[in-house]
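Student: Sequence:
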Amino acid sequence: MSQPDTAMIDAIRDSARDFLQRRDQKQRKRQDAPPDRDYWREIAEVGWLGMAVPESLGGLDLGWHAMAAVMEEAGRAQLPEPLVACAVLPSAVLARLDDDAGAQARRQLLQDICAGQRIVGLAWQETDGQLEAGEATGAFGASVTLREGAYVLNGEKRHVIPGDGVDGWLVSADGEQGPALFYVAAGTPGVTAAVYRRADGARACHLSLESATLPPQALLARQGVLDAIDAALDLGRLMQAAELTGAARQVLADSVAYLNTRQQFGKPLASFQALQHRLVDAVMQVELAANSLLNALNGLAHADNVATRAAASRVKARAARAGLEAARLAVQLHGAIGYTDECDVSLYFRSALHLAAWLGNATAHRQRFGALAPAPAAPDEDAAQDSTAAEDFPRQADWNAMPEAEFRAMLRRFFRAHYPAHLRHVPWRLHWDEIKDWYYTLSRQGWIAPSWPREHGGMALSPARLIAYIEEAERYGVARAPDQGLVMLGPILLRYGTQAQRDRFLPGILSGQDVWAQGYSEPNAGSDLAALRCEAVVDGDDLIVTGQKTWSTLAQDATHMFMLVRTDKTVKKQAGISFLLVDLRSPGVSRRPIRTLSGHEEFCEVFFDQVRVPRDNLVGELNAGWGIAKALLGFERLFSGSPKHANHALQQIFGVARQRGLLADAAFADRLAELRLDAADLTAMYEVFADMARAGRPLPPELSLLKIWATETHERLGALLIQATDEYGGAAMEESHGRVHALAPYINALAATIFSGTNEIQRNIYAKQVLGLQGA
Numbered sequence: 012m013s014q015p016d017t018a019m020i021d022a023i024r025d026s027a028r029d030f031l032q033r034r035d036q037k038q039r040k041r042q043d044a045p046p047d048r049d050y051w052r053e054i055a056e057v058g059w060l061g062m063a064v065p066e067s068l069g070g071l072d073l074g075w076h077a078m079a080a081v082m083e084e085a086g087r088a089q090l091p092e093p094l095v096a097c098a099v100l101p102s103a104v105l106a107r108l109d110d111d112a113g114a115q116a117r118r119q120l121l122q123d124i125c126a127g128q129r130i131v132g133l134a135w136q137e138t139d140g141q142l143e144a145g146e147a148t149g150a151f152g153a154s155v156t157l158r159e160g161a162y163v164l165n166g167e168k169r170h171v172i173p174g175d176g177v178d179g180w181l182v183s184a185d186g187e188q189g190p191a192l193f194y195v196a197a198g199t200p201g202v203t204a205a206v207y208r209r210a211d212g213a214r215a216c217h218l219s220l221e222s223a224t225l226p227p228q229a230l231l232a233r234q235g236v237l238d239a240i241d242a243a244l245d246l247g248r249l250m251q252a253a254e255l256t257g258a259a260r261q262v263l264a265d266s267v268a269y270l271n272t273r274q275q276f277g278k279p280l281a282s283f284q285a286l287q288h289r290l291v292d293a294v295m296q297v298e299l300a301a302n303s304l305l306n307a308l309n310g311l312a313h314a315d316n317v318a319t320r321a322a323a324s325r326v327k328a329r330a331a332r333a334g335l336e337a338a339r340l341a342v343q344l345h346g347a348i349g350y351t352d353e354c355d356v357s358l359y360f361r362s363a364l365h366l367a368a369w370l371g372n373a374t375a376h377r378q379r380f381g382a383l384a385p386a387p388a389a390p391d392e393d394a395a396q397d398s399t400a401a402e403d404f405p406r407q408a409d410w411n412a413m414p415e416a417e418f419r420a421m422l423r424r425f426f427r428a429h430y431p432a433h434l435r436h437v438p439w440r441l442h443w444d445e446i447k448d449w450y451y452t453l454s455r456q457g458w459i460a461p462s463w464p465r466e467h468g469g470m471a472l473s474p475a476r477l478i479a480y481i482e483e484a485e486r487y488g489v490a491r492a493p494d495q496g497l498v499m500l501g502p503i504l505l506r507y508g509t510q511a512q513r514d515r516f517l518p519g520i521l522s523g524q525d526v527w528a529q530g531y532s533e534p535n536a537g538s539d540l541a542a543l544r545c546e547a548v549v550d551g552d553d554l555i556v557t558g559q560k561t562w563s564t565l566a567q568d569a570t571h572m573f574m575l576v577r578t579d580k581t582v583k584k585q586a587g588i589s590f591l592l593v594d595l596r597s598p599g600v601s602r603r604p605i606r607t608l609s610g611h612e613e614f615c616e617v618f619f620d621q622v623r624v625p626r627d628n629l630v631g632e633l634n635a636g637w638g639i640a641k642a643l644l645g646f647e648r649l650f651s652g653s654p655k656h657a658n659h660a661l662q663q664i665f666g667v668a669r670q671r672g673l674l675a676d677a678a679f680a681d682r683l684a685e686l687r688l689d690a691a692d693l694t695a696m697y698e699v700f701a702d703m704a705r706a707g708r709p710l711p712p713e714l715s716l717l718k719i720w721a722t723e724t725h726e727r728l729g730a731l732l733i734q735a736t737d738e739y740g741g742a743a744m745e746e747s748h749g750r751v752h753a754l755a756p757y758i759n760a761l762a763a764t765i766f767s768g769t770n771e772i773q774r775n776i777y778a779k780q781v782l783g784l785q786g787a
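Numbering-wise, the sequence shown is residues 12 to 787 according to this note's numbering.
Worth double-checking, as some hints may not be accurate.
[Claimed, not checked] When the alpha-carbon atoms are kept at most 16 Å apart in a straight line, the in silico EDC-like pairs for lysine to aspartate or glutamate are as follows:
#, residue 1, residue 2
1, 641, 539
2, 655, 698
3, 583, 539
4, 584, 552
5, 655, 689
6, 655, 485
7, 779, 292
8, 37, 47
By construction, these hints were calculated from the structure, which means they are not laboratory data. None of these values were measured; they are calculated from a predicted model.
Modelling step: build the complete structure from the supplied sequences, incorporating the hints.
Tutor: This is the structure we're talking about:
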């Protein structure tokens, strides 16, 4: 992906915000006036009209990330000038044309647009709901004929923005030699603009061309016209998404401020959990749109035309939904004042209505995305891309110096050569006896601890290589072994443990001799983990542990447990917790497996009755365990947010749908397209946080949104799989229909919405720590 210069983008964003704050943009927008030409020239002087135009054509050539930053700030401020219509669309069309015919006229026109000397719109649409140039023909299609050395245009263009106050329009027309593009000056005889107002006050028009006669120099291009227009439209949709995102962020920020000051029933409105959760869900849609936009912009330089079109539709569909939902919620949260024109919320609401509908609404783009995006490959098809010839794999190498593509290919070959085929994509957690041979294989290879330092037996992978390792394992369908010792305890001992503890416990983890379970949750301390009551009392050189742990994954198979215990009842609950390592074979330990609703014994209750544990097993200082525990939660939520589960469920749905002919069912296809968008946007959001992990940056509280969206998208996909499999949707979880376990995604997702802090608790965390809602 092409990554932008972050510092430059931030500087452009700050500059745009400063420029926009010099005028009251909201008051200007309420005036419903045509573009202010003096202000338009000021906008040109700061470079916005040619932000992404090559320097050779009169622009700044700063790219579309830079333009998106400007558009987001324009959305926040509610700039009335139509930047997408008069800067993005015409300049993108002209810059993409490469035709000797009209070359000089194009160059001059583009330079005039970038300099703010001419305001120009793009007239391309001929039927309502049209998404691509040349897509519709018939009564409204514009045609051109050559008569006595002049071009004569007839026909109609619809929903042209701006509809008035412009110098002219770029008009596409079809003739005997194919599509052509013309510059039609405003006031040309035979050209009539029937103006109508958009919801935000902007003027659009239906442009009628009745024997409109143009001079030869009005011809701008004959070759590549439709492709140039289509490319420009998709760039316009991406910039619309940026504008919608900025507006949504601002109106939600204004709503948070309002809720923190407004009181009802003697309490701030911000303290009502129902309102907090509605706000978090609206913000989640906005962040999905922002991440999807970033993903699309990063891929512009390398994506083919189909991928670019699919990405633009995905982004526009999400941004349209996010913008409308945010503005609609803001009206509700502001109450009666939010329904008035004097409240700024009304500006954002009307702007969202306009932008969400223009250049294609969410439904239209969801359907377009469904038609353009390639269907997910079946797992076996995906696995067959590389040869499976046996080979020797290095036990040690400079993995981080190896090109990432080569590293990933090596992992895929290793998985195919050594991972048991019958355990691929197993839809439930495997017990130790089922997966231990694979654990031993990785241990012998020296690949069992990819993130550990080399001196402690690990691969010493950088964050980037670690993410690649995890992604390739997930992609191939490698089952997760009982790995709490590897991914949780090992890093904790390396950071907080003593040398004696590392020497004692790390070798057993690497070899598989010691199998570790996590002991965090208790019957009354699940998501509220700090409320735990399992007690450890200091007794000389020992700690005596009494209490209970529950929901411990596969603890019935474990030899040891790392656990949180209460060691001081006199201080606030987070301060009196310690981190302790316990041998589960000790006297006084008993276990009871818990059978889940899937029918599997995935969890366990563990009881401690006066269990003696050496004080040397205390990690960190006494009563300092809370900070250690929190260090584990970030990566756990990142892994919970992986798109692997959603993408695998999509593969299964497509397989069933093809077999049963469901893709021909319009209702099913529309629902599937919607969920494909959800899964694609999940991947885009995951990549943002994975990039942070790759760079070694701390994971922020916003990670809660990833966990929520990943698990709830997986659940929605699971529900559709149940629907698609008809009677098999009610079969037991271990029963398969072909290779499809119909119940597995849905039931596994139900559990995932609870683990690592329930999704409701994640919403509470986000409301308090990120949105700053008082009383949250």
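Student: Now tell me, hint by hint, if it's right for this structure.
Tutor: The hints, checked one at a time:
1. 641 with 539: holds, 13 Å
2. 655 with 698: Status holds; Cα separation ~12 Å.
3. 583 with 539: holds, 14 Å
4. 584 with 552: violated, 24 Å
5. 655 with 689: Holds, at about 13 Å.
6. 655 with 485: Holds - the C-alpha atoms of residue 485 and residue 655 are around 6 Å apart, at most 16 Å.
7. 779 with 292: Roughly 14 Å separates the two Cα atoms, so the pair holds.
8. 37 with 47: Status holds; Cα separation ~14 Å.
Hint 4 alone, counting from the list given before, is not met by this structure.
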